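J.: Each chain, written out:
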Amino acid sequence: MTSILASGAYIPRLRLQRSAIAAAHGWFAPGLRGLGKGERAFGSWDEDAVTMAVEAARNCLEDCDRDGIDSVVLASATLPFAERQNAAILKEALTLRDDVFAVDCGGGQRAGLSALVQALRGGTAGQTLCIASERPLALPASEDEMHQGDAAAAFLLGDGPGVAEVLATHAVTFDFVDRFRESDRDHGYAWESRWVREEAFGRIVPDAVGATLAKAGLPAGEVTHFIMPSPLRGAQALVCRKTGIPAEAACDTFAATVGDAGGAHALLMLSHALETAAEGDIILAAGFGSGCDVLILRRTGGTSRPRLAVSDWLERRAVSDNYMKFLVFNDRIAIEKGMRAEFDQKQPMTALWRNRKAVLGLVGGRCTRTGAVQFPKSDISVNPNAHAVGTQEDYKLAERRATIVTFTADRLTYTLDPPGCYGMVEFDGGGRMYAEFCDVEADTLEVGQPMRMMFRVKSFDEMRGFRRYFWKAAPAG
Amino acid sequence: MARGIKDKVAILGMGCARFGERWEADADTLMVEAYEEALEDAGIETGQLDAAWLSVGFDALNIGPSGIPASMALRLDNVAVTKVENYCASGTEALRGAVYAVASGAADIALAIGVEKLKDTGYGGLPVRTRGTTFDMIGVVGSAPGNFAQLAEAYRNRHGISRDELKRAMAHVSVKSHDNGAMNPKAHLRKRIDIDTVLQAPMVAAPLGLYDCCGVSDGAACAIVTTPEIARRLGKTDLVTVKALQLAVSNGWELQGQGWDGSYFHTTRLAADRAYKEAGVSKPEAQIDLMEVHDCFSITELVTMEDLRVSEPGRAVADVLDGKFDADGAIPCQIDGGLKCFGHPVGASGLRMIYENYLQLLGRAGERQRQDNPKLALSHNLGGMPNQNVAAIALVGLEGV
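Sequence lines, in order, name chains C and V.
Under our numbering, read the first sequence as residues 1397 to 1873, first letter to last.
Under our numbering, read the second sequence as residues 304 to 704, first letter to last.
No lab work stands behind these hints: they were computed from the structure.
Just so we're clear, the structure is a prediction, and the values are computed from it rather than from any experiment.
Glycine included, every Cβ here is placed at the ideal spot set by N, Cα and C.
Careful: at least some of the hints might be erroneous.
[What the hints assert, rightly or not] Derived lysine-lysine pairs resembling BS3-like cross-links, with alpha carbons at most 30 Å apart: (1) C/Lys-1742 x V/Lys-311; (2) V/Lys-678 x V/Lys-580; (3) V/Lys-422 x V/Lys-494; (4) C/Lys-1733 x C/Lys-1792; (5) V/Lys-494 x V/Lys-311; (6) V/Lys-586 x C/Lys-1733.
[What the hints assert, rightly or not] Beta-carbon label-pair distances, calculated as ranges: (7) V/Gly-463 x C/Glu-1732: 51 to 61 Å; (8) C/Glu-1595 x V/Tyr-426: 55 to 65 Å; (9) C/His-1783 x V/Ser-407: 27 to 37 Å; (10) C/Glu-1795 x V/Gln-561: 18 to 28 Å; (11) C/Arg-1712 x V/Asp-564: 22 to 32 Å; (12) C/Asp-1839 x V/Glu-339: 43 to 53 Å; (13) C/Arg-1712 x V/Asp-423: 41 to 51 Å.
Throw the hints in and build the complete structure from the sequences for me.
T.: See the structure below:
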């Protein structure tokens, strides 16, 4: 049966202190003060569900042969494009094979776990990359704004013992509307939590969990890692009581550190559980939303550990109490951007198609005569090769470390996160590019500083509703 | 090497509009202002022009495409007008077209005119614009100061110079140009400043502060060129002739190849060496009497001193601080205020530099006239950014030098 071979995750670096949200809205919504504890992860202006999915997937695939991947499933309720397959952008960014099956799926709070269960049950030959990524939006002064967080997680599935094997899966589906969001809305609407607690976490979820344990022939007491995201305080404990799962099996929901990443959250927690579980541990993941998916796994002996595990991403953080920055980065407030922001970002699609490997995959060229690497690839190599034409072969740069050659912190150019930091970087093994920097502090930049590339939004075409993606350099580590 | 252009073409007359925020003037008016001065200086009439070259950097934002705007503004006699654009080096490019036409014998008298109307954009600094579909997908849409600022850290790292010392030398570059600009009635910025003003100014793109950046101006400049023989026939006696015109254009090596460390201009070095060879200059530091260089930013001027071989490698900071390039120094640089203070109407700048060199060579620079009878002058006009650019160098001098 299909197993989990590897997993990875991504949590954006910025962490907004919830006290800053409460302070901003205290005059209007004093009730939020009670929620004003801990912090929530939020993406920078140039991150979205696709870029976060790419980071999680790169992390998952660190040591894996990407050519073995036959299918890609991208689950999210907050994907940037309704038309233009988001998974296809991800496929190009990861430079997966062209003959790959790819699909976007949505559906709400349990989207990620549903996609994972489906992929595990599908039993297709070859490997599947399953990713869940969310960048949820909420109205200012809403409880969602407090509870939510941005994150992504990715799993590579295929034959073999891997890191976890499936013991049982189970699903129930009801049109139980505890929250909803119409397709063209950017924020959800939630019903009274007391009803949700009793009906969903007191009945629907425990029943589904019980049925799954019965299928697996496992006593509830053997569950060592219980994963069940919910922003409702005490929901996990309630399900434990109702099902007999030991209370100490309940995993950290990251409510205090990340926030609830909606459809991606169960997979974020699962990635963490795989990081911490010992061989033989039983992991039960339940995802609620219009019913419930349940997945029971046994941790096997595999030792795949991503470059940065969930615990590392939790550490890689930049604390912020700048609530206005949070609003601006989430496009929740219209600010004066200045005339330099009026630069037309219309993307010629023909040019994007021709250059997709360079733009989305950061594929450069290596001259077969001289071995010199360059970006972008060109008909005639930049390094002298007796002016031969057509000697370059594809050469992937995205996973290569780079160092800063030149840099600046530009306060004149338009960016939503000034100063705009950029400069020339040179890759290990050759090749250089003039790159924007992301996730940097301007006053710590140095010539020679090690960097790694990240897939980010390059610019928005607000007039036509499009966004360009490209690679930026971030501090390595 | 080709035989070169030395002494084949003489400057018959030059003109330059007052640079600045010319809210009252269209590009047409600026062109006419420069052209009328040049016509009078040359002592000819419009009907004697055989061909014209027009340079403009941001045509879409002011005069639009083609050579027609110059033909219409100046009411030329339906002669050939070629519009050229090579980033901020466009002005020298226009001169190259006119000079080559005369040297080839295709034209007896030709006009080079550069113009830019930059102050119709609504904001300060150079306008943001596309650099082509590929660049817009993979390039950095940074500002000009951001692109040039990167020279500073790279130069500092290469030569082991402290941030403070480099910043002080950069400040000296700007203070000197403000001193010079104050003496120039056509300059955009005519206020003297002190070093503390420069050091304490708001940061634009680290480490470039406000006073490390040149003015963005409206303006026009032009040259009328002919052969030395025709010039004499028209009654000219003291002739300023073109000694060298060289251009070096990046082929991507700095940005995409291996080895460039970001601390200098690869193209400027190539263009300078070619120009010196064309003009027969073997010791530039001793032979060049004055220079106008492309001081779009203080750091650009500083590193260019080494690229032009008038400072030893790593010595530019010391030379600048010693006053070597001040108005009364060994080789004055930007004696007219430079881009920094005369201003930078992009398409006109290369011609403005040569205008000042021409005036100085003829002893007509008024209050700011260099008193040691300059004979040979260099202008360096740069377009693009340090990692990808066009470097244009023109040497002009007295006939027979």
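J.: Would you list, in rising numerical order, the hints stated earlier that this structure does not obey?
T.: The structure conflicts with hints 1, 4, 5, 6, 7, although it agrees with all the remaining ones.
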